[in-house]
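Enquirer: Note that the protein sequences, when read in sequence, are chains Y and R.
The working numbering puts the first residue of the first sequence at 1, with every later residue one more than the last.
The working numbering puts the first residue of the second sequence at 1, with every later residue one more than the last.
These are computed hints drawn from the structure, not numbers from a lab.
Just so you know, nobody snuck in bad clues.
Anything over 10 Å on all C-beta distances counts as not near chain Y; from chain R, calculated: (1) Thr17; (2) Glu100; (3) Ser126; (4) Lys176; (5) Asn207; (6) Leu299; (7) Leu363.
Ranges between beta-carbon positions, derived for each pair: (8) Y/Arg298 / R/Gln271: 21 to 27 Å; (9) R/Glu100 / Y/Gly107: 43 to 49 Å; (10) R/Pro107 / Y/Leu344: 31 to 37 Å; (11) R/Pro107 / Y/Ser102: 38 to 44 Å; (12) R/Pro107 / Y/Arg48: 19 to 25 Å; (13) R/Arg88 / Y/Ser340: 48 to 54 Å; (14) R/Ala281 / Y/Glu389: 50 to 56 Å.
Only a predicted model underlies this, so the values are computations on that prediction, with no experimental measurement involved.
In this text, a Cβ means the ideal position worked out from N, Cα and C, and glycines have one as well.
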Amino acid sequence: MTSQQTAAGTQQPDIPTQAQQPAGGRQQAADGQPLVRVRDLRTHFPIRRGVFSRTVGYVKAVDGVSFDVHAGKTLGLVGESGSGKTTVGRTILRLIPATSGSVHYRGQDVFALQGERLRKLRRHMQIIFQDPMSSLNPRMTIGNIIGEPLTVHGIAKGSEREDRVASLLQRVGLDPSYRHRYPHEFSGGQRQRIGIARAIALSPDFIVCDEPVSALDVSIQSQILNLLDDLQQELGIAYLFIAHNLAVIEHFSDEVAVMYLGRIVEKASATELYANPKHPYTISLLSAVPEPDPRPTRRRIVLRGEMPSPSNPPTGCPFHPRCPLTRKAAAEADAKDTASLVELGYPPSAMPAGNGKGVTLPILSAGETIRVLRKCVEECPPLEQKKGEGGHVAACWVTE
Amino acid sequence: MPDPLLSITDLQIGFSTSRGMIHPVRGVSMTIYPGQTVAVVGESGCGKSVTALSVLRLIPQPPGKYLGGSIRFQGRDLLQLSEREMRRVRGKDIAMIFQEPMTSLNPVYTIGDQIIEAILLHQGVSSREARQIAEQSLRDVGIADPGRRLDEYPHQMSGGMRQRVMIAMALSCQPKLLIADEPTTALDVTIQAQILELLRKLQKERNMAIMLITHDLGVVAENADIVNVMYAGRVIESATVEDLFDRPQHPYTEGLFRSMPRLGQKATRLQTIEGMVPNPAQWPPGCKFHPRCHRTRQLAANAPADQTVEIRTAEGSARVMARCVHDLPQLPTSGDPELREILPQHWAACHFTENYDNAPVTLPVIEHQREVRRETVENGVEGVVP
Chain Y
1 MTSQQTAAGT QQPDIPTQAQ QPAGGRQQAA DGQPLVRVRD LRTHFPIRRG
51 VFSRTVGYVK AVDGVSFDVH AGKTLGLVGE SGSGKTTVGR TILRLIPATS
101 GSVHYRGQDV FALQGERLRK LRRHMQIIFQ DPMSSLNPRM TIGNIIGEPL
151 TVHGIAKGSE REDRVASLLQ RVGLDPSYRH RYPHEFSGGQ RQRIGIARAI
201 ALSPDFIVCD EPVSALDVSI QSQILNLLDD LQQELGIAYL FIAHNLAVIE
251 HFSDEVAVMY LGRIVEKASA TELYANPKHP YTISLLSAVP EPDPRPTRRR
301 IVLRGEMPSP SNPPTGCPFH PRCPLTRKAA AEADAKDTAS LVELGYPPSA
351 MPAGNGKGVT LPILSAGETI RVLRKCVEEC PPLEQKKGEG GHVAACWVTE
Chain R
1 MPDPLLSITD LQIGFSTSRG MIHPVRGVSM TIYPGQTVAV VGESGCGKSV
51 TALSVLRLIP QPPGKYLGGS IRFQGRDLLQ LSEREMRRVR GKDIAMIFQE
101 PMTSLNPVYT IGDQIIEAIL LHQGVSSREA RQIAEQSLRD VGIADPGRRL
151 DEYPHQMSGG MRQRVMIAMA LSCQPKLLIA DEPTTALDVT IQAQILELLR
201 KLQKERNMAI MLITHDLGVV AENADIVNVM YAGRVIESAT VEDLFDRPQH
251 PYTEGLFRSM PRLGQKATRL QTIEGMVPNP AQWPPGCKFH PRCHRTRQLA
301 ANAPADQTVE IRTAEGSARV MARCVHDLPQ LPTSGDPELR EILPQHWAAC
351 HFTENYDNAP VTLPVIEHQR EVRRETVENG VEGVVP
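Chain R with its partners taken away, still in its complex shape (with noise of 0.2 Å):
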């Protein structure tokens, strides 16, 4: 087995806030390896986009603070190093795309200056060079006229334009890994198909791994490897694409899976998660869905009184399973249910799926890559006939 690229092990994070220190990342273990495409699954205020940023430590301290935990990079734990050795991380084997172009571009250079300015910084060559790159990477992304565009600013391109060229400027100085935060939801429907296109052609030329974060399960089904389903600041579960969809184990999974609409299935009803995102400034104890999961409340109907509990919930009161709200009150990480591996390359941390109490606790290490990918024609004719 080679080694991964990447590996986060019990990574947490804490934010000091006028009312005390909020822990938005706590335990979070996830590895990515070469060419593969990781995706970090989970609502607002679930930590993913935190734990990306601070896999390129970007977390800004203070409020910030990394608690624990280390995050290894081609053997190195970033985490140790100093600013200056970060700075030859950044970009240059690790880069990254978010979710609104406009607001990471700046406004008053034009295209050119922000993508040159990085590869000079990296790639120790002439800036005619690195024009020349640039142009390259231009064209790499599908813009025509490169050198031309290069002259011009973030706000004369469209929406799908600025992303090909955060895209571009990302890849300009060849990552090993990218990290890609919500890369397309600004985006529309078909924009969305070209830029994923993209990616997946691009990661394929340069053998990239991705760390792909979104909410968007479709996105998720066509382009992951590997899928890290986030709750709560931890990862809750974690299995290969097509096992986490036919076999989801953990409660959130299975309700975010039966709440999504989906097309060609027009259900009279959709089921629910009831309750709300939980806020992070207040978890609640034991496991964090317990307010909201339906497994616990199921078999809280039919255990010994003993084994139940009562709790308040936004809608008035439940019973609950006593193990689901057991809390510790030493840490803010204690009372979550642990990450188990409960089935072969199969992570879930939930009391009550099946071989819970059997199953070893490891750290989730998946080294797979889907066979099926969605087949796609560039304005094909084929299939549009009706």
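Next comes chain Y alone, as it looks inside the complex (with noise of 0.2 Å):
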């Protein structure tokens, strides 16, 4: 019990330490420069095949993407498994290597850092995964797990660290005297705010959030939504929060950005996006989501087809298999300016599953001739503004 009290009474002095770091650091920052700049970053993973493992080509998982986090706020970034999500976030923290592109903390080249600058920069950039059973160590005690950072960075040892991982327990409302349990005595819930634990352990200002509520329950998704928005508050942290369910993103988000196969197709702020979503793929994810509501009002679009694999994509842009604004267009131009999807090969040969193998469903069933424009069979569309909110930009040839 007393190990407790001296443990909630050393966290009175150490938690605004903790919020006056990176509260300085927006004010840095708040010269109109990002905290996170990525740009026309690319990460393709070669496909090896043989006895000599020859590359025979390439999951283009990232394929030019660009987008900027700014200091406290969350960039939501949403797609469908296999869209590269994920491989973004890995990619900017460099636990995957990028193919190309750059990506600037505080103007620093991060993949330009080596040996100890990089590990200082480690400091200021964290991640949360998805399963936290699976990323926290099972023969380690919490604090140890809570704690390792700390000492790594050389920044508590001792009596001092302890004081420290008791706070941060407190802080994402786990009992102190919990920190001498292992991973396996939690819920899943308990696990996730043991994570949250580790990675504000350094103070960092940018967080990846992977999927961080996915795998909770549903009673506890909010808690732990609730628990990240007021370490923000508090803190001063800039998120970069991946997920697949449209709703928490858009709780969650000042900003979202929509990808597909590889690329951001739709970016603007959390509530321009959703109340007027420009890109088909957007507006058919969107009506997609179940409402949990008895006497439904909205139409859903079921999308034909599933998202084609990453290593074989498409040509032009990369919807045009299933996207029904172009069909319409197509209906009305010219003949010569349209293609027909049978010319263009589908079916019979399907097309590879968005998982890399096997097929997914066919987008025209048989003796169905469907026809799309040809410019975007041809060309792929770029990240234009469209009309509406200033910073609302789709890559979409045929939207407005």
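With the hints as a guide, bring the two chains together.
Expert: Shown next as structure tokens:
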């Protein structure tokens, strides 16, 4: 009991120092410069075959992604499995090597750093994983899991470290006496709190949250989301919030980017994107979310087929084979400006699936002819400003 | 009123573990009519999957044990059937699909082998006819070129395609009841929409009943006719989907609705249900929800001291109504508030819902089918144009 009280006592002077650090940092970055700046990021994984592991192709998991994350703000990154959203988060933190492109943190080139300077940078950029069980070492006590980064970075040791760990545990809503326990003794929600305590131990100002609540029960999700929100308010942390749940992303983000096949297809403020989506993929994605209302009002657009494989993406706009908008435009356009999906090879040769193996559902049924705009097949549309609020960009030839 | 297809009455299931008997299902009752979709909603450990598995008698015994109750399907109690009779029910009258299709398909057999096996077993046809039936059932779930797909292996298909194969397999013998245990949880939202749409279409064509196990309230709202909310091994609320979403009565159901982020409603802060999902090995006494319940705390704050008690919670301590904690030491099911019909066709198990004291204790039987379904446009462009 006494140890708990001392822990609570030391927490008082401890928390403000943690809060001041990034708050000062925020002022530094306030002169228009983003905290994290990502430009034309590409991450390609080689596909190797045969006895000599010859490279026969590349899975273009991330293929030219650019965005800014501002201090103390949240950028939501949403997309289906295989869209490359997780790879983006890991590439930024250099957990996966980038193929090309750049990431700057406070003007520092993250990919150019080596050795000690890279290690120092890692203090400021942290990650929270989806599955708290597989990201916590089962043989370490909670106290060691949270305290290890403090030792590694030479911030605190001995009783000072103990006190820091206790105050971190308390900060994430766990009893400080839990620090002698092991990960398996905790529920999913508690483990995620431990993962959060570890991530904030070094007072970072940027955290990649990779599906932080999707493995949790519904009633626990809101607890964790509120905790992340509180930490952002108090410590001024910026989040790159990666998730597939569109309602969670909307709730949590200031700005939202939608990914499809390794590219960002639309980006806008959260309010604008949800109220006024422009890209046909975003529109159908939003319409596919089940409404928690037994008398639904919105229509659902069911897309045919599945996301193609990033090892063999469609030419031009990667969404053209499934896109309802280009079909409509093609029906009204000159025949010479359009192409038939059958001539382009859909079906009979079905496309490889999004996970890189096997086949997906066909986009056409037998005997069907669907025409799309030739431009969508030949040229990849750039992310450009669309009608509506400033900063609303979408990559589509057809949408206004 | 026609007879229900399935009625589960006071089902109790125990599992013996190294720490003694645990009780994941403690007196569950529910009814399903032909053509109805009955959702069973709850969080991990609430007993929803154990209930579903027990309908097919797939609970391994030991360690599992049916401790009481009955599961009547078309007039017969499934718990009284011999293993041989039960095998004739499984796959033929009642079929099941699971969350992760990869783990329920055998990786070393082709899709065709696996579908045809069930058809040969149940339908008494030649193997050539069985192959034709299998092809047709793949076609029914929207798989093109089914003749060729029959000779492929599960790993050659995407997740959405595998779930379609599972559905084809489950429906190849024209079951009257389909148990779908989190059928779309592992899938992306656009694929989820395809699969749910497919299930609705097949259900309508065949007047098939579906028991839909899920934790996603959006999926419930769009698909269910009746909803049973489970918590700690019991049904704590049962109503038509419209009544449940319009007027949730149990504080747990209320809390679930409030804590969920909704599309198009950007709240600054989410309401939460505090505490943890309880562990079946250590149920709290009395109403199993009282350690997390907001309602009992509010009432206790204004109640005379002799009607309240202090409890320890994960967050410290709290004062709650004594009635919610009251426990009788004989049975693991004791102390729970009974499920009562507090409003017409609306059951809830909470001492502090309106009318609870005067409401009758009856089994929830609701013969209702929803009217409004969400309109779907396949690859439609209407509405796509901003």
